[in-house]
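Asks: These protein sequence lines map, in sequence, to chains A and B.
1 is the number of the first residue of the first sequence in my numbering; add one for each residue after it.
1 is the number of the first residue of the second sequence in my numbering; add one for each residue after it.
Accuracy of the hints is not assured; some may be wrong.
Derived contacts from chain B toward chain A, CB cut-off under 7 Å, selection only [what the hints assert, rightly or not]: (1) Met1; (2) Trp4; (3) Ile30; (4) Leu34; (5) Lys37; (6) Ile38; (7) Val39; (8) Lys45; (9) Ile107; (10) Leu110; (11) Val115; (12) Glu122; (13) Arg126; (14) Ala132; (15) Phe341; (16) Pro353.
It should be emphasised that the hints constitute simulated quantities derived from the structure, not laboratory data.
Where a beta carbon is used, it is the ideal one built from N, C-alpha and C, also for glycine.
2 protein chains.
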Amino acid sequence: MEPWKLASRKLLSRRILLSHGGGGKETHEIIENLIKKIVPSEYWKVGEGTGLDLLDDSSLIPVGDSMIAVTIDSYTVDPIIFPGGDIGILAASGTINDLLMSGARPIAALDSIVVEEGFEIETLARIIHNMAETFTRNGVAVIGGDFKVVPKGNLDNIIITTVGIGRIIHPVRDDMIREGDKIIVSGPIGNHGAAILSARGTYGLKVSIESDVQPLTQLMIPILEKYGQFISGAGDPTRGGIAMLLNEWAKKNDVLIYIDESKIPVRDEVKAYADLIGVDPLALASEGVAVLAVNSDKAEEILAHMKNLGWNEAAIIGDVRKPKDPRHKGLVIAKTEAGGFRIVEAPSGEIVPRIC
Amino acid sequence: MEPWKLASRKLLSRRILLSHGGGGKETHEIIENLIKKIVPSEYWKVGEGTGLDLLDDSSLIPVGDSMIAVTIDSYTVDPIIFPGGDIGILAASGTINDLLMSGARPIAALDSIVVEEGFEIETLARIIHNMAETFTRNGVAVIGGDFKVVPKGNLDNIIITTVGIGRIIHPVRDDMIREGDKIIVSGPIGNHGAAILSARGTYGLKVSIESDVQPLTQLMIPILEKYGQFISGAGDPTRGGIAMLLNEWAKKNDVLIYIDESKIPVRDEVKAYADLIGVDPLALASEGVAVLAVNSDKAEEILAHMKNLGWNEAAIIGDVRKPKDPRHKGLVIAKTEAGGFRIVEAPSGEIVPRIC
Numbered sequence: 001m002e003p004w005k006l007a008s009r010k011l012l013s014r015r016i017l018l019s020h021g022g023g024g025k026e027t028h029e030i031i032e033n034l035i036k037k038i039v040p041s042e043y044w045k046v047g048e049g050t051g052l053d054l055l056d057d058s059s060l061i062p063v064g065d066s067m068i069a070v071t072i073d074s075y076t077v078d079p080i081i082f083p084g085g086d087i088g089i090l091a092a093s094g095t096i097n098d099l100l101m102s103g104a105r106p107i108a109a110l111d112s113i114v115v116e117e118g119f120e121i122e123t124l125a126r127i128i129h130n131m132a133e134t135f136t137r138n139g140v141a142v143i144g145g146d147f148k149v150v151p152k153g154n155l156d157n158i159i160i161t162t163v164g165i166g167r168i169i170h171p172v173r174d175d176m177i178r179e180g181d182k183i184i185v186s187g188p189i190g191n192h193g194a195a196i197l198s199a200r201g202t203y204g205l206k207v208s209i210e211s212d213v214q215p216l217t218q219l220m221i222p223i224l225e226k227y228g229q230f231i232s233g234a235g236d237p238t239r240g241g242i243a244m245l246l247n248e249w250a251k252k253n254d255v256l257i258y259i260d261e262s263k264i265p266v267r268d269e270v271k272a273y274a275d276l277i278g279v280d281p282l283a284l285a286s287e288g289v290a291v292l293a294v295n296s297d298k299a300e301e302i303l304a305h306m307k308n309l310g311w312n313e314a315a316i317i318g319d320v321r322k323p324k325d326p327r328h329k330g331l332v333i334a335k336t337e338a339g340g341f342r343i344v345e346a347p348s349g350e351i352v353p354r355i356c
Numbered sequence: 001m002e003p004w005k006l007a008s009r010k011l012l013s014r015r016i017l018l019s020h021g022g023g024g025k026e027t028h029e030i031i032e033n034l035i036k037k038i039v040p041s042e043y044w045k046v047g048e049g050t051g052l053d054l055l056d057d058s059s060l061i062p063v064g065d066s067m068i069a070v071t072i073d074s075y076t077v078d079p080i081i082f083p084g085g086d087i088g089i090l091a092a093s094g095t096i097n098d099l100l101m102s103g104a105r106p107i108a109a110l111d112s113i114v115v116e117e118g119f120e121i122e123t124l125a126r127i128i129h130n131m132a133e134t135f136t137r138n139g140v141a142v143i144g145g146d147f148k149v150v151p152k153g154n155l156d157n158i159i160i161t162t163v164g165i166g167r168i169i170h171p172v173r174d175d176m177i178r179e180g181d182k183i184i185v186s187g188p189i190g191n192h193g194a195a196i197l198s199a200r201g202t203y204g205l206k207v208s209i210e211s212d213v214q215p216l217t218q219l220m221i222p223i224l225e226k227y228g229q230f231i232s233g234a235g236d237p238t239r240g241g242i243a244m245l246l247n248e249w250a251k252k253n254d255v256l257i258y259i260d261e262s263k264i265p266v267r268d269e270v271k272a273y274a275d276l277i278g279v280d281p282l283a284l285a286s287e288g289v290a291v292l293a294v295n296s297d298k299a300e301e302i303l304a305h306m307k308n309l310g311w312n313e314a315a316i317i318g319d320v321r322k323p324k325d326p327r328h329k330g331l332v333i334a335k336t337e338a339g340g341f342r343i344v345e346a347p348s349g350e351i352v353p354r355i356c
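Please model the entire structure based on the sequences and the hints provided.
Replies: Okay, structure coming up:
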């Protein structure tokens, strides 16, 4: 029997669905069955580093006395130019933010671009310019790459894969979140997801919402340098929004995460648009927002520092609790604006394909 | 004026051609105009490392007292399963070989897979298995990745981007090639290119040629450890074959490279197939062959060591010369089997799209 048939037969007989790429339950099924079952666990990481064992924003590799962080992401967003950004800015920002969320200072990037024959060179120049400028403005060298062209009809537009390399300032892993920690978001959530959906005119509605896409270097480097030891988790809520991120945290750490919806910053137009199309704003992607789990004693001080740095809408939105009912372990519970409570589910399915 | 319009107006008004992805002259035009003109030169590399300044197989980043090598490549080969391999084996081998050719021991890899909705999960499992096995069998940990799905019709099949990270054993840059150096190839050339073309039945011919795709760890690690200081250049002749690689070396080092075609190992069936379709075998891709430029005093010893390691068909195929006529600087000249001489051109255009 071919060795790859060791994966679950039920899975093997199926075909890939959009939901397998959604970053949620179905993506985990692929990672667990097709990757972690296949790669022997001694090859999940290098020495004292991290990798498939943790599945964090970046993987860590020990080099001499240092630890470097590495991350990779492919960007397939459609449309490639959208209100507030383009696929180049998105790729650079996403890569920088993944490094920052692991506690690293981004220092270098490589990119691989695959375009369709017939793609406009001026559009390509714009995208590469904006990607390179986003990297270099944030102190990241662009040290290499690859460039491939596929025949017309083999690809819709362009796919950019970026790799980021950083030096650890203070390692932040998301399996160290403890009861009592406070949850902070750096600003309004869901703008990127709403911007992409509305730019596409999906659901027949075309409203003007700008993506929040931005690197969080100016926020995260000072916070990591000053408060690194008090941060027990950091993440950028991309695919699946903060609903996905907080559910991952709750499950990984076997805790209950409690949030208060009235405290969560959401732009009025994003809230209205999410209501209209029937999507939970907590499940909409952000591309320029940090979510932190921090030591409760330092939460107000860290929040004040974030506001000082210019992140005026940062807010403490909840905390990490020991559930009275053990069945509530691994759950995210929100106090609704109406005053009731609801379980915030990890989004399943692919609500927005090609969002990042 | 938008800053990306600083690139040549002639280029900007055009559209991407297949040849822009061929790895030759047209790809260099994209890199020079759209990347190097846009990224300020202080961001081409990190500190004492290398990057866009050198455009070598890997880029180097200094970390403490160490130097790490990083490489990225996107694989779009069609068909995805071909005689002798598949896109997974190809991605892992290509990444490992790029690190080895820079003088590094591969230690870690990350991959990003983009597939089309509807892709067979069993095929995906096979590809991931073969990629992971190729990495781990060569001592490379698979420490992270990304997985995206795009709607049906947005992509033909699958694109895999792999990143490799290595620790430098002895740095090999390809701008140190000197007059007198001998050129060694590790084995028969062109098998991969011929295998892909014949598998596709391009030109109406379907013959059975196996790709040579393989990681060169078992060859290159011992050679680097024992003879690193005597190697002035190392490369794997992928897109554009050894014709492309030797032309790059000749131009980068401003030397004449002389080769003797009767010394170059080429399988009979590859030679016959190349003849039939009218392609120079020197321009066909290999994915499991190393080309080395070595100190002439050590060339025979290195060749003997390569044969000892099991690379029985390795051969010295030529040397690096000071041209009598200065117009021959930067050229590759071959003594033909008929006894005459010819200039080996860098292949231009995209002779084989989606070959790797």
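Asks: Sort out which numbered hints this structure fails and list those numbers smallest first.
Replies: 1, 5, 15
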